[in-house]
Amino acid sequence: MIFDLMEMLRSEPLVLIIFTFGVAGVMGGIPPMIERSRRRNIENDLPAMLEALSDSLKAGLGLQQAMQSEAERNAGVLGSLLRATLEESHTSSFDSALANFASKTRSSQVQRVMHLLSTAIEQDSPLGDILANLSMDYERLNDLMNQREEELMGRAILIILFLCLGLPILIAFIVGLFAPESKGFQLDGFHSSFSLFFGACAGMAVAISGRMLGRLGSMLWFVPIWMATAMFIYLGGYQVAGS
Amino acid sequence: MDESREILYVIRTMDVLLGSGVGLEATIHSIAQGGYGIISDDFNKLMGNIQGGTPLEKELRNMLRDCETDGYKRLINTMLNNVTQNTDIIETLRKQGGRMEEERSKAVKKYIEELGGLPETLLSIGMIGPIILAIVGIIPQLIDKDADITGVTEYAPMMNLVVSGGLFFTLLFMIMIGLKAHTKDPGL
Chain A
8 MIFDLMEMLR SEPLVLIIFT FGVAGVMGGI PPMIERSRRR NIENDLPAML
58 EALSDSLKAG LGLQQAMQSE AERNAGVLGS LLRATLEESH TSSFDSALAN
108 FASKTRSSQV QRVMHLLSTA IEQDSPLGDI LANLSMDYER LNDLMNQREE
158 ELMGRAILII LFLCLGLPIL IAFIVGLFAP ESKGFQLDGF HSSFSLFFGA
208 CAGMAVAISG RMLGRLGSML WFVPIWMATA MFIYLGGYQV AGS
Chain B
35 MDESREILYV IRTMDVLLGS GVGLEATIHS IAQGGYGIIS DDFNKLMGNI
85 QGGTPLEKEL RNMLRDCETD GYKRLINTML NNVTQNTDII ETLRKQGGRM
135 EEERSKAVKK YIEELGGLPE TLLSIGMIGP IILAIVGIIP QLIDKDADIT
185 GVTEYAPMMN LVVSGGLFFT LLFMIMIGLK AHTKDPGL
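Protein sequence lines, in the order shown, are assigned to chains A and B. Per the numbering used here, the very first residue in the first sequence carries number 8; after that it's consecutive. Per the numbering used here, the very first residue in the second sequence carries number 35; after that it's consecutive.
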């Protein structure tokens with residue numbers, strides 16, 4: 008069986024080539040996933056931080072003091088970045104420390120908030136009210152983003168499982184049972200077409216799932232490995248079913 | 035697309051800044067600094083022209099003519115009304131923002147609902163097409179040449195082309211169905 012599978016791969020070198028790219032793709036795809044998770048943690052923490060800052064400012068504290076107490080309270084990534092920012096602000100200006108904080112988070116939400124804060128500070132506007140409004144806005148936005156992700160995650164996984172695993176297995180077994188190689192069926196060209204089809208289907212499935220979750224860019228890294236998996240499952244499934 | 039994605043953030047930012055006593059020009063300047071995609075670029079151009087001597091009213095009118103999405107047009111119109119008639123821009127922006135937020139929530143819920151049956155639809159098409167094509171591809175080999183009264187065995191080489199073409203069209207059909215995940219994205 009193993010030799011049959013190896014023989015099969017020898018006649019379908021494209022699977023091996025895509026698999027090699029797939030392994031490299033997985034390595035390239037992990038950092039964006041970690042980065043995204045970190046960014047979403049920061050963004051989910053943002054409304055609570057803004058609310059706490061607003062409360063402290065309304066209680067009469069200055070912005071730096073309010074940030075100091077928030078940095079001590081917050082144990083997450085946002086808290087540690089805030090602590091680093093405050094330490095940095097001792098050696099540079101508070102404004103540049105805020106800008107640096109925003110760029111370190113790599114989150115457009117935080118960058119917008121910090122930019123708005125800088126403008127409000129320049130204009131001497133009531134920061135307490137601004138932060139309270141922003142906190143509510145970003146809470147609603149993050150709730151919506153989380154809702155979308157939670158509700159579509161299951162469907163996105165289902166698409167990948169159906170098209171990358173289920174479909175090739177199903178067709179491989181149907182073809183393998185009705186036209187096994189052991190009975191003299193010559194299906195080389197047929198297998199090439201079908202394995203390419205399943206590879207393309209798998210690529211499309213991963214791209215659709217990524218788009219549904221709003222993370223197409225980071226999911227594209229995983230396209231080759233899923234393509235190779237689907238192609239291999241079809242070719243291997245045929246060998247298994249037909250033996 | 036970029037405009038409609040950013041417009042709510044711009045309205046909320048303007049609401050916050052104007053509500054805190056910042057002037058309209060300073061608010062436009064703040065947004066022009068960046069972070070709001072194409073709207074920042076437009077506002078940056080507008081600020082440049084204002085500093086060059088063009089009145090804000092004229093610039094807003096030009097912008098109103100050029101912008102494409104509804105929300106963006108409404109925002110520019112609100113700003114123009116404030117400049118020409120001194121209307122309550124904060125109140126209008128709050129209403130606009132509230133309405134847009136409601137629309138956005140509805141759009142997200144609709145998007146989630148519309149994608150509900152997508153996995154099953156893709157699997158069904160992905161299954162039916164290849165099963166039919168697999169049968170078409172194998173038939174010439176299943177029938178004994180001597181007993182073939184239909185003459186289908188003579189078409190064996192052509193069957194491969196039919197199968198490949200059929201698979202290509204199945205894939206194309208699946209892509210078109212899957213494309214709604216992109217085209218109907220409400221953008222967050």
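No wet-lab data here; the hints were simulated from the structure. Some clues are possibly wrong.
Simulated crosslink set (DSS-like; lysine-lysine; CA at most 30 Å straight-line) [to be verified]:
{"no.": "1", "chain 1": "B", "residue 1": "K143", "chain 2": "B", "residue 2": "K107"}
{"no.": "2", "chain 1": "B", "residue 1": "K129", "chain 2": "A", "residue 2": "K65"}
{"no.": "3", "chain 1": "B", "residue 1": "K144", "chain 2": "B", "residue 2": "K79"}
{"no.": "4", "chain 1": "B", "residue 1": "K144", "chain 2": "B", "residue 2": "K179"}
{"no.": "5", "chain 1": "B", "residue 1": "K129", "chain 2": "B", "residue 2": "K144"}
{"no.": "6", "chain 1": "B", "residue 1": "K143", "chain 2": "A", "residue 2": "K190"}
{"no.": "7", "chain 1": "B", "residue 1": "K143", "chain 2": "B", "residue 2": "K79"}
{"no.": "8", "chain 1": "A", "residue 1": "K111", "chain 2": "B", "residue 2": "K129"}
{"no.": "9", "chain 1": "B", "residue 1": "K218", "chain 2": "B", "residue 2": "K129"}
Here the structure is a predicted model, which is why all the values come from computation and not from measurement.
To see whether the hints hold, each was checked on the structure:
1. Simply put, K143 of chain B and K107 of chain B have alpha-carbon atoms about 25 Å apart, close enough for the 30 Å limit, and the pair holds.
2. For the hint linking K129 of chain B to K65 of chain A, the alpha-carbon distance of about 26 Å falls within 30 Å, and the restraint holds.
3. Between K144 of chain B and K79 of chain B the alpha-carbon distance is near 36 Å, which puts this suggested pair outside the 30 Å criterion.
4. Taking the CA atoms of K144 of chain B and K179 of chain B, the gap is about 56 Å. The hint is violated against a cut of 30 Å.
5. Pair hint K129 of chain B plus K144 of chain B holds up; C-alpha atoms about 22 Å apart against a cutoff of 30 Å.
6. The suggested pairing of K143 of chain B with K190 of chain A is violated, with an alpha-carbon distance near 53 Å, which exceeds 30 Å.
7. Using a Cα cut-off of 30 Å, the hinted pair K143 of chain B and K79 of chain B is violated, with the two alpha carbons roughly 36 Å apart.
8. Taking the CA atoms of K111 of chain A and K129 of chain B, the gap is about 34 Å. The hint is violated against a cut of 30 Å.
9. For the hint linking K218 of chain B to K129 of chain B, the alpha-carbon distance of about 25 Å falls within 30 Å, and the restraint holds.
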